[in-house]
Amino acid sequence: MRDASPSLECVLSDAGCLLKPGGRWCINHLEQVDRLLTAASVSYDRSVRIDASDLVALDSAGVMLLVNRLRAKGVVWPSVDLVAFSEAQLTLIHLIADRLDARAPPRKRGVALLPLIGRNAARLTRLLIEQFAFFGRIAEAAADAARHPNLLRLRECTTQLEIVGLNALPIVMLMTFLIGVVFAFLLGIQVQKFGANIFIVDGVSLAVTRELSPMLTAILIAGRSGAAFTAQIGAMKVTEEIDAITTLGLSPVQVLVLPRVLAIIIAMPLLTFIGDVMGVLGAALVANAQLDITYYTFFERLKSVLPVNTVLFGLSKTPIFAAAIALIACRNGFAVSRDARSVGDFTTSTVVQSLVAVILIDAFFAMAFPEII
Amino acid sequence: MRDTDAGAAEPVLQVERLHTHLAGQWLHRGVDFSIGRGEVVALIGGSGTGKSVLLRECIGLNRPSEGRVRLFGDDICDLSRSHLSRVRSRYGVLFQEGALFSSLTVAENVAAPLVEHTDLPPKLRDEVVNMKIRLVGLPISAADKRPSELSGGMKKRAALARALALEPELLFLDEPTSGLDPISAREFDHLLRVLCDSLGLTALMATHDLDTLWGMVDRVIVLHGGKVIANGPVAAVAKLEHDWIRDYFSAHSGQRGREEFEDGI
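Sequence order for the protein chains is A and B. Counted the way our numbering counts, the first sequence spans residues 12 to 384. Counted the way our numbering counts, the second sequence spans residues 57 to 321.
Note that these hints are calculated values from the structure, not bench results. Keep in mind that this is a model prediction, so the values were computed, not measured. Please note: incorrect hints may appear among the correct ones.
A few chain B residues that don't get close to chain A, going by computed Cβ distances all over 10 angstroms [said to hold, decoys possible]:
{"#": "1", "residue": "Gly80"}
{"#": "2", "residue": "Ser158"}
{"#": "3", "residue": "Ser159"}
{"#": "4", "residue": "Arg190"}
{"#": "5", "residue": "Pro203"}
{"#": "6", "residue": "Ser254"}
{"#": "7", "residue": "Phe305"}
Pulled a few chain B residues facing chain A out of the computed Cβ check, cut under 7 angstroms [stated by the list, open to error]:
{"#": "8", "residue": "Ser145"}
{"#": "9", "residue": "Val149"}
{"#": "10", "residue": "Glu172"}
{"#": "11", "residue": "Leu176"}
Beta carbons are placed, not taken as given, at the ideal position from N, Cα and C, and that holds for glycine.
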């Protein structure tokens with residue numbers, strides 16, 4: 012490709028103003044062209060003539076600059092005399108001069124602080140109302156399914172149960188086991204100072220069954236299944252599959268949401284129980300190695316210090332966590348609009364919202380039932 | 057870029073003995089054609105004959121199993137990374153659904169190739185972006201919208217503005233009028249033809265739209281059974297005695313476009 016820098020020759024005479032552009036007036040040389048044109052002295056009261064005989068190449072960006080810069084100097088376009096341009100170049104010049112008649116509007120300004128706060132407050136209120144409305148729709152679907160059990164999609168329920176429960180089992184087991192190990196190790200250092208080694212069993216078993224295992228499982232499920240629910244339903248929304256379900260006379264809530272809600276509500280207590288067991292096992296391992304408490308002593312002590320009510324209390328929170336996660340995840344899935352970006356946005360907010368919800372619910376339980384140790 | 061002197065004799069795009077093996081079968085079995093500078097060529101063929109795959113191979117997104125694709129004289133499969141990037145800035149692609157980046161506004165979409173391939177100052181770049189948006193016939197108010205807020209026709213126009221951002225010499229279009237109503241489709245055809253003529257573009261489009269064929273295309277290439285079975289002006293191809301071609305030209309509702317065409321002769 013020939014590389015000829017752009018040039019501009021400008022001749023002022025009594026007859027008018029002659030511009031002789033030369034070289035390549037193309038997008039790669041646009042800055043030079045801009046400088047040349049801005050520096051050119053063209054007076055608008057004389058007729059302007061442009062001679063293209065030295066021009067090597069001209070593209071639409073070059074034409075745009077020619078049109079815009081001459082206009083800025085007061086030249087009226089149709090009256091310009093164009094010489095030695097090719098047919099295609101003339102068409103291009105006329106097309107662009109014609110299309111560029113309107114000035115670009117100024118760019119939008121940022122939003123002031125006060126309206127921003129107001130808008131966000133309104134958005135949050137709307138979000139909360141929508142969340143309740145969605146809860147109502149799920150309750151309605153559940154009531155329908157209770158009256159007509161054949162409405163319930165058992166196959167979908169079991170599939171979801173497998174994905175949410177069984178497939179999450181290894182990671183839940185690993186995490187709670189490790190937390191049991193870490194917690195017992197740190198607590199062991201403390202109780203050793205007081206020569207109260209055996210009390211490690213009390214501390215670990217209460218902490219794991221009452222708080223750590225339910226919370227950890229809920230956090231894992233929120234990140235794992237909650238995000239997946241939003242992404243799946245959101246992707247179906249983008250590809251109009253949800254609309255297709257509706258047109259088939261089915262309720263998307265019945266088909267998509269209810270199995271997921273049921274699956275997660277069933278899976279969460281089971282996972283949490285496994286988590287309890289694994290956490291205590293991890294602690295027993297550390298107690299044995301670090302504090303010389305035999306497994307027999309550990310579990311004998313466990314029997315007397317861990318009331319079954321505490322375990323049940325820990326487990327009883329989890330269906331509520333599960334319901335909150337499923338509700339938020341599915342609602343966000345339906346809120347996805349028709350582009351790829353919003354799937355990501357809503358998946359993120361599912362994880363954030365469900366973590367906040369889990370911690371709030373947990374705090375509520377701690378306040379409401381302080382008598383259960 | 058509009059060179060009239062450089063490489064006028066050499067075809068812009070050359071496909072030579074191209075074979076494609078895909079999903080256990082031969083999709084293309086020796087496809088040959090070439091496209092000269094300034095031509096607007098349509099690629100037609102039934103569903104599943106590999107029009108889109110062929111287009112993707114021409115762009116360098118897929119690799120043919122055998123044969124070559126020469127863009128501006130260079131074999132696209134043999135190019136180094138930097139050379140390929142240079143070649144890529146010389147052609148634009150209009151994908152079927154537009155493929156606009158959904159997280160960016162229309163103006164940012166059009167600016168994206170300019171940011172990557174040129175070092176224009178932001179002010180000048182905005183001016184170019186603005187011009188491209190106007191050039192494809194979008195109102196300037198569309199510049200700050202996101203693709204999800206646009207209608208199908210406007211999306212195609214915005215995607216065309218992005219494809220044209222770097223002043224390409226060659227334009228690939230995958231079903232440019234699919235999903236548009238007949239009026240928008242004809243408007244889009246007209247816009248494409250005007251732009252091809254005034255910008256001196258060479259264009260290769262895969263299409264199903266008979267009105268497009270009769271209305272704005274210089275030449276038609278028919279892909280059937282993995283080979284090019286016809287290659288020539290629309291009127292000549294439509295007269296060929298071949299089962300598929302006869303069915304194709306009679307099954308469509310392109311009667312109106314054809315009558316207009318014949319009235320014009």
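Evaluated hints:
{"no.": "1", "hint": "Gly80", "in the structure": "holds (27 angstroms)"}
{"no.": "2", "hint": "Ser158", "in the structure": "violated (4 angstroms)"}
{"no.": "3", "hint": "Ser159", "in the structure": "violated (4 angstroms)"}
{"no.": "4", "hint": "Arg190", "in the structure": "violated (4 angstroms)"}
{"no.": "5", "hint": "Pro203", "in the structure": "violated (7 angstroms)"}
{"no.": "6", "hint": "Ser254", "in the structure": "violated (4 angstroms)"}
{"no.": "7", "hint": "Phe305", "in the structure": "holds (31 angstroms)"}
{"no.": "8", "hint": "Ser145", "in the structure": "violated (9 angstroms)"}
{"no.": "9", "hint": "Val149", "in the structure": "violated (18 angstroms)"}
{"no.": "10", "hint": "Glu172", "in the structure": "violated (13 angstroms)"}
{"no.": "11", "hint": "Leu176", "in the structure": "holds (6 angstroms)"}
This entry does not satisfy hints 2, 3, 4, 5, 6, 8, 9, 10, going by the numbered hints stated previously.
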